[in-house]
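Protein chains: 2
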Amino acid sequence: MAQKAAVGILGLGTVGSGVIRILEDHRQELTHQTGCEIYAKKILVQDASKQRSVNVEGTTLTENAADVLQDPEIQIVIEVMGGIEESRNYILQSLQSKKHVITANKDVMALHGTELLQAAEENGCWLLYEASVAGGIPVIRGMTEGLAGDRISRIMGIMNGTTNYILTKMFQDERDYDEVLVEAQELGFAESDPTSDVDGLDAARKIAILARLGFSMNVELEDVEVEGIRGVTTEDMQYCAQLGYSLKLIGLAKRVEDRIELTVQPMLIPNDHPLASVQDEYNAVYIHGEAVGETMFYGPGAGSLPTATAIVSDLTAVVKNMMLGAVGSTVSKPLHTKALQNNEEVESKYFIRLHVKDQTGTFDDLSSLFKKEDVGFDKLQQWPLEEENGAASEVVIITHSTNRAAYERIYHELENMDVVIDVKSTYRVEGGKVS
Amino acid sequence: MAQKAAVGILGLGTVGSGVIRILEDHRQELTHQTGCEIYAKKILVQDASKQRSVNVEGTTLTENAADVLQDPEIQIVIEVMGGIEESRNYILQSLQSKKHVITANKDVMALHGTELLQAAEENGCWLLYEASVAGGIPVIRGMTEGLAGDRISRIMGIMNGTTNYILTKMFQDERDYDEVLVEAQELGFAESDPTSDVDGLDAARKIAILARLGFSMNVELEDVEVEGIRGVTTEDMQYCAQLGYSLKLIGLAKRVEDRIELTVQPMLIPNDHPLASVQDEYNAVYIHGEAVGETMFYGPGAGSLPTATAIVSDLTAVVKNMMLGAVGSTVSKPLHTKALQNNEEVESKYFIRLHVKDQTGTFDDLSSLFKKEDVGFDKLQQWPLEEENGAASEVVIITHSTNRAAYERIYHELENMDVVIDVKSTYRVEGGKVS
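Just so you know, the protein sequences line up as chains A and B, in that order.
Going by UniProt numbering, the first sequence opens with residue 1, and the numbers climb by one from there.
Going by UniProt numbering, the second sequence opens with residue 1, and the numbers climb by one from there.
In isolation and in its complexed conformation, chain A is listed as follows (with noise of 0.2 Å):
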C-alpha cells in the first residue's frame, strides 16, 4: 500500500487544471516514480461553485485561503494563481509553516525571488519554480543539475513566444509588426495587451531567474536592459538574412570574470547559431558552460500542459525526497556578489543601417569615425538609393567586436554627422563562438 501526498493548489485556471489532468491521467506513472499516491487535497478558487473542466471529485475548492495553507496535512503548495502581492505573501506563509512550494510564477520569483529563497532556505523547504521559465522546457533543472559543477558563461534565450511568433511571421511573410500582431491576437499567441511581451519585460523575468541560477548572484529584475520588438521591420529583417543572420528577441546574460551584463533586446544571430532555427511560439534557451561548451534546451514555452509538466516535474522531486527521508533542502545562498559590468566593459559587435549622401568623401568621414573609437567593420554592404532628395545610398556595417561605450559615440556621432541622413536602426550582434 503506497504512501499518500496531500497537495494545495493555489489557483484553478489554465495551469492549474493541467495539473490537475496529469495527476489524474498519469497517475500510475508518478505513483510508480515515486513510490507515493499523489494528490489534489484542496484547491483555493474564486469561485467553488463555478463548473470545472476538470475533474475535481475527492478534491475541496475552498474560496478561503487559509482553508490550504493552515491544513497541517498539506505538505506541498503549487501556486499556479499568478499575481503578484498576493503569491508572494501564500507563498511566504506555505514556507513559514514549513510547506514546500511548487510555483509558475515568474514575474514574484523575478521580483521577489531573493526574499522567497531566503526564506525557503530558512525553514528548510523546497522552492521550485521550473514552470516560471520556458514552460515545458525543463531548462532550469538542465542548468541547475544537469550542469551543476560547471561555471556558466553565457545563457541566451528565446523565452517568449508571442514575440517569436511574431518576428517569425514577420519574416516568412514579409508583413508588418502591426499586422502579425493583430494575427497573433486572433490566433491566440497574443494577448489583447501584449505590452508584457512585445516590450521584453516577460523575457526579462525570465533572464533574471535564470542568471540569478546560473551565476549564483542576487540578480535582480531592474539590474536587466531592456527594449522590445515594437521597432523591428521586415526591412531590417531581410537585410539580416542577406548577411546570413537571423532577428530575434533575446534574453542575454553574460559573465566575464567576475562581472555580468543582462539585457533583452532584438538581435542578430548568425544562421548556424542552434537559436536561429527556433522558429514561431516555440521557446529555447542557450547555455554556455565554461566545461560543458554549448548546449540548448528546446520546447513548448507556455500552454496548459507543457507548463503543468515543469510543475509536476517539481513535485515529483520533492515527493521523492520526502520518500527518501531527506531533512532540508539544497536551496542555497548566491556564491558571488553582484556585480555589473559597465559600458566600457559589456562587448558586442552591432549591425548599424545608415542611409548617407551619395558624394565622394561620404565613406572617408564613416570610416574615419570608425577608427578614431578602434572599430573595425566585420561586415559592410552598400547600395544606391532611390530617393527624391537627390543621389544617397544605403549603408549596412557589422562591426568587430567593441564596447558599448565606443559604440554609443559613434551612434552620436552618425546621428549628428552632415553625410549622414538618418541612422535606420542598429542592433546587436550576439551567438559568436564564445572566447
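Possibly wrong hints are sitting among the right ones.
Any copy will do: because identical chains look the same in the list, a pair fits if it lies in one copy or spans two.
Below, in silico cross-link-like pairs of lysine-lysine (PhoX-like), each with a Cα-Cα straight-line distance of 25 Å or less [to be verified]:
#1 Lys320 with Lys98
#2 Lys4 with Lys333
#3 Lys333 with Lys320
#4 Lys357 with Lys372
#5 Lys433 with Lys379
#6 Lys424 with Lys357
For the record, the hints were derived by calculation from the structure and aren't laboratory data.
Put chain B on the given structure of chain A with help from the hints.
Below, chain B without anything else, positioned relative to chain A:
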C-alpha cells in the same frame, strides 16, 4: 567546516582526467552547492607510475581494484574505464558493498543495465549514467526528472557525433562517404576502426538506454534494429534536400499505446524539424511527451570535459542526497512489460528512388502496385535519365504512412518488376507531427 565525501574513480583516461579537472577547477562551486567537499581518494589505473596531465596530488593511484572497491570510506564509485565484463563486475561489487555508482559506460548499461539497475535497487544505492548518452547533454535527467509524470511517446536522437559529422560534410561539400571518413579520422572525429560508429552500434546502445528509461520497460540491445550509414550517397542527400528533407542517422524509439519500436537507421527528417539543423559532431535528442509536446536537448555528444560534466552532475546529485540524509535511492523497476511492435504495426513513410524503363505503361504498373498495398504517394518526382541502355527515368517517391509489412511487399515486387531497372535506395521518413 564542510563535510567530506570520498570518491573512488575507476580509470584515468580522457573522461577520468576531465572529472579530476572539474573537481579541482570548480571546487568552490561544488562545495557551495552540495555543502560538502568532494575529493578523489583513490583512482584505479593501469600504470600507477605514469606521468599524468592532471593534478592527482593527495589522491592514491592504484593498480589494484580492490583498493578502491573495498575501501569503506569510499561511498561513491565513478566508473570511467570502459570495456564490458570487468566494468560490469566492478559496478556490481560496488553496489553490493552499498556504494553508489556513476558510470559513463554505454556498453555496460545497454548490455547489462537491467541487471545492474536491479542490483542498485536491491542495495538501496544510486546507479546514475547521464554521461553514457549524448555526453554533456543532460538528456537522461531532462527526460526522467524534467518530464517526470509525462508519458513519452517518441524519442529521436542524433547520438553519434562521428556519423553526424560525416553526413554533414557529405552534404555540404558533396563529397563521398569514403573520402569524408578518411578526413574525419585525420581530424580525430572518427576512430581508426569506425565500425561501431558508422554501422550504428554506438547509437543503438544509446537508444536502448533511453528507451528503457523513457518507456519504463526492460529494453535490451538486441531489440534495436540497426542499419549504419555506409550505404548513404551524396546523390541521395541532394534528392532529399530538393524534397525539403535532411538525411540523418537517427536512433528512434516509438511507442503506440503499449507497444514499442526501436531502430537506428539513416532517415529523412523534414527541414523544419529541430533535429534537421543539428550539424557536424553535435548531438541532440528530440523527445515527444503526451503532455509536454515537443522538446529537444542539444549539445556536445563527446569530449573529455563535456562527458565529465555529466558525471559531475550525477555526482552532485548523489552527494546532495547524502547530505540531506536521504536513505536508499529511487531507481525503480520497469513499470511496463516490454512489447515490441510487429511488421504490421510499425508505421512510417518511406523514400524510394528507382530507375525505371521509359515506356508507356511504366507508371501504371508502379501505381497499381502501390494501390494494391493501399499506399498513397505524398511526393513524387520523375526525370528522364541519360543512360546508355535505352530510354529510362529516375523516379523518387515519398509515400504516405504505411506499415512495414506492406512496404516490404512493395519493395520485393519492385525488385522483380519488369519495368524497374534498379531500386537505387530507400529510407524511412520520420519527424512528421505526432498524431
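Hint check results:
no.	hint	verdict
1	Lys320 with Lys98	both (17 Å within a copy, 20 Å between copies)
2	Lys4 with Lys333	between (32 Å within a copy, 20 Å between copies)
3	Lys333 with Lys320	both (23 Å within a copy, 15 Å between copies)
4	Lys357 with Lys372	within (21 Å within a copy, 70 Å between copies)
5	Lys433 with Lys379	within (17 Å within a copy, 39 Å between copies)
6	Lys424 with Lys357	within (14 Å within a copy, 59 Å between copies)
Checked against the numbered hints above, the structure violates none of them.
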